[in-house]
Amino acid sequence: MAAAPRPVLVALGSEARALRLIQAGFRLAQERSVPWIAVHVELGGVDLAEDGEQAEVWLQEAQRLGAEIRIVQAPTLAQGLSEAVRSSRAQALLIGRSRDRWPWARVGHSTANELLRRGLDARIEVLDDRRGSPESDPARTGFGAMVGTLAVLAACTGVAWLVPREGNISLVLPVYLAAVTFIAHHWSQGLAVLASVMSALLYSFLLETPRFSQVDAHWPNLLFFLAMLFAAQAVVGLLHRLRQQAREVERREVHTASLYLLGRALGRGRTPEEVATTAAEHLRRVFKVEAHLLFPEGSSWRALPSPGPLLDLPPPEALLPRLDAGERLGDPLEPLPLGRAHCLSLLGTDRSEGVLLVQPRESSAPPPETWELLKAFAVQIALALERLRWLEEARKAQLENETERMRSTLLGAIGHDLRTPLAAIHGAAGSLLLPGDLPPATQRDLLTMIQDESERLAHLLGNLLDLTRLESGALQVQKEWQPLEEVVGSALGRLERRQGPLPVHVDLPESLPLVPLDAALMEQVLVNLLTNAQRHAPGNDIELRAWGEPGWVHLEVADRGPGIPAPFLDRIFDKFFRLPGAGEGGVGMGLAICRAIVLAHGGSVHAEHRPGGGSRFRVALPLDGTAPAPPEGSP
Amino acid sequence: MNQPLILIIEDEESLRRFLVPTLSGQRYQVLSAATAAEGLAMARSHNPDLVLLDLGLPDRDGMAVLKELRTWSRKPVVILSARNQERDKVRALDQGADDYLAKPFGAAELLARIRVALRHILQADLADPVVHGGGIRIDLEQREVRLEGRPVKLTGLEYRLLEALVRRNGKVATHSQLLSEVWGPGGEGNTHYLRIYMAMLRKKLEADPTRPRHFITEPSVGYRLNLDARED
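Top line first, the protein sequences correspond to chains A and B.
Going by the working numbering, the first sequence runs without a break in its numbering and finishes at 635.
Going by the working numbering, the second sequence runs without a break in its numbering and finishes at 1232.
Any given hint could be a false lead.
As the list claims (entries may be wrong) - Simulated restraints on C-beta separations:
#1 B:Arg1115 / A:Pro538: 19 to 27 Å
#2 B:Arg1060 / A:Ala566: 52 to 60 Å
#3 B:Arg1087 / A:Glu404: 33 to 41 Å
Said to hold, decoys possible - Just a few of them, taken from the derived set where beta-carbon distance is under 7 Å, the chain B residues facing chain A:
#4 Gly1189
#5 His1192
#6 Ala1199
#7 Thr1210
#8 Arg1211
Worth flagging that the hints you see were computed from the coordinates, not collected in a lab.
We put the CB at the ideal spot given by N, CA and C, even for glycine.
Using the sequences and the hints, build the whole thing.
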């Protein structure tokens, strides 16, 4: 039986560099094709609540990358880890170098050394991440610092010389303590150690009385200086850490603020273009880089906000797998260097939304510590893009719903309105064909019915066809300048030829200008409005009037019918909308056609209550363009 | 010409089934063809007095049939057009068709159009200079117009427009036909001239210009002068 592969163990604390440990562990496990385990040691009573939460986040991240999670409770880190290594038979243990200890603890008591001493059957790898970090400052240990140190010590000795001292070190000590602290703070810890020793010697040989004698008697003083040295070191270490923390806090603050600003600005973006513009602007401000969002389009890239210099970017089918590979290596957002530029995958919650391309404006690349913030920016941008995509999808779904609803309404309305006249025609023709004689009057009735119903059918189909053509844009409006009178005349003529004289009062002022309109379509509007008025107020007078104002001509058809209930005033122009209780006749297409035609003319139509009862429909038509010159000799 | 011969070129069988008995019942002689080729052959062999021509034929464009007919025959052609063929309709009229019927049409409308189209050739033969109806009397020889017996004063252009309509004898006249007849070649673009003069004619000759009974507008096509007392 083959032994199970020995896993890789990664020790995770709460520190920020745990992410690197996770990535390193993931990579190591991938290279060796073995499982990996993320272990967190809970030290009894020492862990702070927020540390626990942070550790939880790292453990989850490790789990996302396929790690098994283990939490061990132990009095010390080394003990907990060695237990974990033994129980899991791990082949390797990855730990980070602890930074949270006193300097003297680093010398021989680090967790790594402790583990090594325990003789575990696993390789222990310490991930040292201090390289390149801003804490060390090699420029401050040069010749100048040395001279400075000597000068400070000389000054101190001079000051100490002036102090009255009858063998009392307590008056001199603070002077040297201040000097050593100053040196450590200002130059380096090494120089501070040197300065401590030198100050002890200086004191012993220059200041102590009697000088150059009774060396043995000075040992307590030397011890005193040694203590001073450690005190200075401790003060300096603390100072150093405080300063670093302050710097870190400041950096975080700047990061948080810039992320916050970016998030807010991105939230306002309504299109990918807007998001790209905002993102590029913020990236330029914070990182001094030129940024573009890239979206794969077939085998090329679409770059926003500007087409920009796309370098010699590999096509999507080549670049995307490389970015994916970054994800497989543990960090889905790892920037991929491409010449001087870098690509970052814009990873949303469920898929990649695109690629962020950053090009440094100066020759120098952005400093490495800004990469984390850059990745955070990429996440924000990806989320903004994802939000847009979801909005778009929701809108599409809603539109589809709406279309579906329209279609079923349409089918229902057509089904009913076509079937009714067809049934009548079919029935009437059937009875006419029955054997046996029908009285001539009945025959005539049936034939009249066939004619009426087929006219109704034709009318319905005509409306349906018109509406479809208007809405699909297949019907082009052919505007010609003409007197409104002619359109009114042909509409009335068409109606009256069909159904005899109508009680319509026409009031068209002589001064009306020519109006640019499509006569056939506008006639349809008038016929529909008049038919509508007649249907809802049968036998009542209908007023048709028109008036002009600069740039517009208005037409009004007013009736004295029952009026339209206020909630329906807008809806009556909707397709297939019928007033509740309006009874038979009309399919709710006439007014929809009116609106479509008037809108196609660039005008507007609305219905309103008529003072004194009834309703009135008002059409406004624009007098756009210049009216043609009237023919000579005309009034 | 006691029994005028009408040729129907129409591919829809149901329409032929309606047209043939309706026209035969009115004592016309009727021939029918379902394709352009068959129709043209029948037109050559029988020389009908009137052709009812559908614009949407299966084998050839109705417009092409009209052009070919017009190469050798001046006999009236009435176009049968579907609803979405407005442009074709106007083109057919401009190319020499005499009138049109938009589907669906009733029997009364059909017979009225056919009567008008046939009367045209009869009247052209008679060349009667005086036409009257609906209280209007127009004497083309004397250039005199009377409404209810009283003379009406028309300007030169008004009279020429009226005359152009009268000469068409109830048939539809397209905008471009009227423009070129009244304003001469080059006037085709100024449709609004035509509309303004038509409005003036109506003011002088119609009882209610907003309800014209004689000067009928055919939207997007043109005008027709209807002097018959009866509505069609």
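Here is how each hint holds up against the structure:
1. B:Arg1115 / A:Pro538: 19 to 27 Å: violated, 34 Å
2. B:Arg1060 / A:Ala566: 52 to 60 Å: holds, 58 Å
3. B:Arg1087 / A:Glu404: 33 to 41 Å: holds, 35 Å
4. Gly1189: At 9 Å from the nearest chain A Cβ, B:Gly1189 fails the 7 Å test, so the hint is violated.
5. His1192: Where the cut-off is 7 Å and the nearest Cβ of chain A is about 4 Å from B:His1192, the hint holds.
6. Ala1199: holds, 5 Å
7. Thr1210: Because about 4 Å separates B:Thr1210 from the closest Cβ in chain A, which is inside the 7 Å limit, the hint holds.
8. Arg1211: holds, 5 Å
The structure fails to meet hints 1, 4 from the earlier list, while all remaining hints are met.
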